[in-house]
Amino acid sequence: MPHHNKKIDMFSQLTNPIIIIIIISFLPFKDAVKTSVLSKRWRHLWYGTTTIDLDQAFFVDPNEDSSIRSVQRNSFIEFSKRLIQYYSRPTIAKFHLAFSLLSLKKCWDLESVEIRSQRLMTLVIDKCSSLENGVVIDVPNLRVFKYCGPVVYFVTEYLNGIVEADLDFGIEVEFNEHGDVLHQLLVGVWCVRILSVCSYMLQALFDNLVGGLGLVVHDALHP
Amino acid sequence: MASAPENEKNASAPEKKTLTLKSMINNEEFVVDEHVALQSVTIKNMVDSDCAGDVIPVPTISGEILALVIEYCKNHANPSASEDDLKKADAGIVAKDIYTLIDLVLAANFLDIKGLLEVTSQKIADSIKDLPHQDVREIFGVENDYTPEEEAAVRAEHDWAFEGFP
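Line by line, the protein sequences are chains A and B. Sequential numbering of the first sequence, starting at 1, is according to the UniProt record's numbering. Sequential numbering of the second sequence, starting at 1, is according to the UniProt record's numbering.
So here's chain A without its partners, still in its complex pose (with noise of 0.2 Å):
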């Protein structure tokens, strides 16, 4: 009796394909999205997924130039923002998210921040004027840094492959007894290569300076 024989014209027979939607958010977000090609009735089906992976290895092959990878990297941006444009489920069950650039443009609701990665190779914090608990930063490979925005808190941890820096507090209006604040965050990049101050660090560095730190300064710094 080979019930296999009727194997499943019932699959297709089912109008409501939550059946296979459920399957589908059980498998890893690769293969879901590899349902696409079963034929034209799953073509879409993997966007019920709940489990989503959005990791940017899967794009980008390190091996290649840095022209390639660009454009690889901006196909993973492609994907990810028509992803979250067209995802329709109310809840997500895993959500996984892997990158090697981030980019804070006026998050003006953020009250503090703190990133942790192991890929992430470029952090741009841009005008989220609102981060008053702080930034942390515990990214070992990060390469570039760009802040810029009102003096905060800064954590940092191992960043012993950062390269290029630019730090501006211009937004600042007034002096403000940040001195230490800002000597920390330059601590904390103590083995970049390029640096990129504002005026405004110019004065708080001239402080630390007096203290006897015997920082040198230049906008681009080439040991």
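Don't read these hints as lab results, they were simulated from the structure. Be aware that one or more of the hints could be misleading.
Going by beta-carbon spacing under 7 Å, a handful of chain A positions derived as facing chain B [what the hints assert, rightly or not]:
hint: 1; residue: I19
hint: 2; residue: I21
hint: 3; residue: I22
hint: 4; residue: I23
hint: 5; residue: F26
hint: 6; residue: P28
hint: 7; residue: K30
hint: 8; residue: V33
hint: 9; residue: K34
hint: 10; residue: V37
hint: 11; residue: S39
hint: 12; residue: Q85
hint: 13; residue: Y87
Ideal Cβ placement from N, Cα and C applies to all residues, glycine included.
Place chain B on chain A using the hints.
This is chain B only, laid out in the frame that chain A set:
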């Protein structure tokens, strides 16, 4: 309540209510304690709305599959079963070939038994995840209605996901 469920008990026994489920595929009948059968939301709705006769006909589900469903419901109706026991028992129930699993997931959906639906779906997903899509089509009985050009276009749209697959 703690007494072991005895499914072969005659429906006329006064102390424990039972239901008879009948597979309409091969007419096999199963006598089940009511509280076991009520884990199926579909059956519960029938009983609650007085639509259930002495024998509840179950269309499209074979006796073989219905036996698995009942085994699952019994395990999960046992108040003394630990999480671990249930996990092991579930793993045993879904240790079947893919076609049995597909019948089982359809049954779980029809009878509306959430836990069984999930554990079976997980197992199906595990068994298809590394297969080329041609095999997945075969398993699900999906007819490929793309033209070769359309299929290539859909593939190209998500070429990153198909790396390493022919």
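Exercise. Any hints this thing doesn't respect? Which numbers, in order?
Worked result: 2, 12 and 13
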